[in-house]
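> From just these sequences and the hints, can you work out the full model?
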Amino acid sequence: MVFYTAVHFRCRSKVDFGYRVVVLGSHENLGKWDVKNSHRMIMSSTVDDIWNSSFPAYLPLKAYVEYRYAVLNENDEFLRWNDDLIRHLEPTGNEMIVEDDDGYYRSESSSYPKSLNTPRPAASLIFNIALGTSDEKVVDHLGLNTFLSEPEYNSDDMVYFVSSRLPVQIFRRKDGSFGLRDSNTPLTTMLWELRKRFRNKMKFVGACSINFETESDLNASGHKTDTPRDTVDVTPNSTASDPVNQVNKNEHQENAVNTVNDNSLESQLCNIVHRLDSTQTRSKSSDSEFSIPLDEQFTEFEQTEITELLLKHDCIPVFIPQNEMNKSIKFCKKYMWNLFYNIGLWDITKQNEFDWDLWQSYCKVNKLYASTVSQYLGRSDFVWVHDYKLLMVPQFLSRKCKTANIGVFMHALFPSYTLFACLAVREEILRSMLCADLIGFHFFEFARHFLTSCKRVLGLEYNFSTGGTIGIEYNGRQVMIRMSHANVQADLLRQRIGPETNVPELAKQLKEKWPNRFIVSSVDRDVRLSGLLLKFKAFRKFLQNYPYARNKILLVQYICSLDTLWQTYSESQVKLSHLAQEINDEFQNVHVLLKLNPNSEEKYALFLASDCFMDTCIRGGINIGALEYVYTRKDKPAIAIISEFSAFSKTLLSAIRINPWHTYNVMEALDTAMSSDPATTLESCKKDVSYIENNDAVTWVNDFIKELYYSRKKHDMLHTSWGFGKTYKTLSFSTNFQLLDFDTLIGKFKTSKRRLLFLDCEGTLSSNPFDVESHSLYQTDIHTKSTPLPANLTNLGVLSKDRNTVIVLISCRTKELMDSWFSSIPDVGLCAERGYYFKLPTVLGREWQTFRHLSTNATSNHTNSAQLEVEPDVPSDSWRPVALKLFEQYVQRTPGSYLESKDSCLVFQFQNSDQEFGILQANELNSSLCELMGGFPVDVHRGKGYLELRLKGINKGNALVNVVHKYSSLFGDFDFVLCLGDDKSDEEAFKALETLKSSHDALKATQESNLTSTKEKDEASSYISCVVGKRPSKANYYLNDYMEVSDLLTSLANTVELL
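Quick note on numbering: full-length UniProt numbering labels position 605 of the sequence shown as 605, and the sequence is numbered without any gaps.
Hints in this document: simulated from the structure, not taken from any laboratory.
No experiment lies behind these values; they were computed from the predicted model shown.
Mixed in with the good hints, there may be bad ones.
As the list claims (entries may be wrong) - Below, simulated DSSO-like cross-link-like pairs (lysine-lysine); rule was C-alpha separation at most 30 Å, straight line: (1) K334 to K367; (2) K801 to K455; (3) K984 to K885; (4) K201 to K364; (5) K575 to K333; (6) K753 to K1004; (7) K508 to K552; (8) K713 to K455; (9) K455 to K706; (10) K196 to K312; (11) K750 to K801.
Stated by the list, open to error - Taking CB as the label site, the calculated pair distances span: (12) R657 to E916: 24 to 34 Å; (13) S371 to R657: 37 to 47 Å; (14) H578 to K686: 37 to 47 Å.
Here a beta-carbon is modelled for each residue, glycine too, at the ideal position from N, C-alpha and C.
Now the structure itself:
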């Protein structure tokens, strides 16, 4: 049996427009040196001059295979070898990539660093999967040395971690001075404690005080470390008369602290709620749950004092007017929180409209954040924007600092498209996120929702690249997507629970206080998403259905609501307290303990003393409490019951996964936990402990910053922005890309002797009837048409009368429609169906001709080497019946799609179908066409929302070459060519014009030896490509819209009349 390796080839080759590169080799799957059976390659869509295999070549495993790269012309005829090397390889593994581009692709890709010291092997074996080896020599040939090595950026570059809350909070002392307290933001606080251990220094940017507090407030609510926290120990108020219950009652009275009856419990709970309310100084209005006190303002002197105080702790405050902050928090609660935790935005009974006033406040707060960051940001510094409360920061920051290296990390989930589509500002949110260079998610599940939303809302495709990266091509640059979840820092955690702390003693006291109890710990921050009511109800049923557990199990529930979005939401806490009281009363002993806002030592003491950790969140991202619990129990049995809605449920191998909505599922998990074998549990936890130790927070942060550095905007590109609101976007161009100057153009137009205006129609001579960015190059309605502006028709008529000016108009439309558009100006040349049909009145008369290629070198010498013939009859369409039948089957099975049939092509249009399903169907159709159409003169072309089977050589680039050849063969070469177009199909014409310019300049250089500089050559050959609409393009110039095209034609017409 012979085993095969799927081999992908990559090379670098700069060829003229219309040519392509193939692989020829000694194996039959490489053609056995026969050009007709060569291995096909396609040009990279992201890096110029890079050619990749269109599909893998299956070569025998470990066989010696020789190969070379060949350049073919448009008729698939051999033209030349790409270089003089005869290469060889020995395939290994299931799949591998052979790189013969000297590392050029990696150096130009925005997701990898450039390095002059990286070895450039002739054939780098990239991936050896399954059957491959991990030999160090193989790694040297991977071409990933630079990627795997430490980045070359300066460790002095600062990282600005931008979050809604600072890791420390301000309060006012009794003497009027300001003090600091720890913030209840576990991840941000942990990063702040580790800030000096990262590769780069880190500073934290956040609101100075979302809830301004005084020392009296802190003392009243127990927030200071030297003051006990608010605690509710819920105990039963009745007992049974039997001796067992009396013993349990006595045990409870001896061990329980702060034993209360129903009345005292309610009174104590009211005091706690009152303390929370007094700390918040909540408004009595209907919107009080969203409000922050309006009477607390900082003077300029106080702002300076606070800034100096926080800067000593590497924190930068953002001072925000309280009214705007109130509205921004309300917006987050009303929209963003519901949305980004997949809850939904609408109340089916009310159906309220979107609140634009709250949205404006959200934007204003984000703008203040961006303004503060920009004051400190250096050219090579990094910006890390954290979570959904600040998603507009990338847009505002990119306006101030065009090349800012911005990363966004979504700590929350990302909603599914069906929910995200309901947000009125969905485009604004997505475009702002795409202003960043790197967008991070905990897991691919959340990233997939984001990618789907980008595809459906903005029409953006994503691609997978070598090295495991995912990128979105967005206006000339790659926005990278990264999946990596937050971790805890093992050594920091060991310090927090070490013998020098109070944690071991507190844990000991807890165990002694509740002897012979199976302690279940539960620590939650978000009372609305933690499923606490479900947890308590399931625990109650567990005690009812499993009598053996009564008086042997204890659920200790800590709620850390301080500094959370819902910290004033005391209604749930009231319900929980009453439910806990009912459980304890029903079973006449303490089975549930509820505590509010414990300090960190109390939390870790609970983890250390508990036998099981329980999480029942109904929506959740990362609850690092589960990781902390498992690690604090290192070398001890640790059972974690985790909701399947928590992201960590799949990360911790030893965890028992539950559906919190399935009560009996939770009950069974508790029963399993209580009856588990400690030795077995300890063994299963070892892998989780090892995972936590090997994937710490420092590594997570360093890896994110490293990827952010790789993704940064290229400094040799021009980065700018365009639009407002939902149309705002960042754009990246070549540095020579500039606005077309009318005066310069008209000056060249006047001094030239032979002129050609090669113009696109829709989007150039008229408005574009469809959104180029999110739809295909074809319209959804074949009868829809956008007639050229009357002023343009008038100006074209004037220009066509000049005997030195040739006008050719091109479109993908049919020849009948082109005739109806331009019947009033019979002297202009027309190209229909991208040049398949054409008529050139001054050369071939006014009859339509059919374009067909017969030989080579279409652009190297216009006078004698190009053989472009005009056939009176349509070329053979033997390919059409087979293809048509296949297209019709896919159209029938893809709702919303339709078939567009023209003489030169068949198009499967699926932009109106479900995009996910449409792309899947298009992929399958593409595979089928590649197999069936191999022997026919057709090519498959993919675009946004369509798949097209088109005759070979039919494109706007070849149409331009054909026109130039026809005219120049009779009247001489053009010394002025203006090529205008607005969509991606015009890029072929721009590239062809560049090839024509190079050929023309080379010819002129041999004829006129006095042309010694490039500048003189540019002046001698005025070949100008211009895209309509400011977007990344191969053109050298741009005009903003079709109205500027109209102004340009008016200026040219006036110039002709004056000549």
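> Provide an ascending list of the numbers of those earlier hints which the structure does not satisfy.
2
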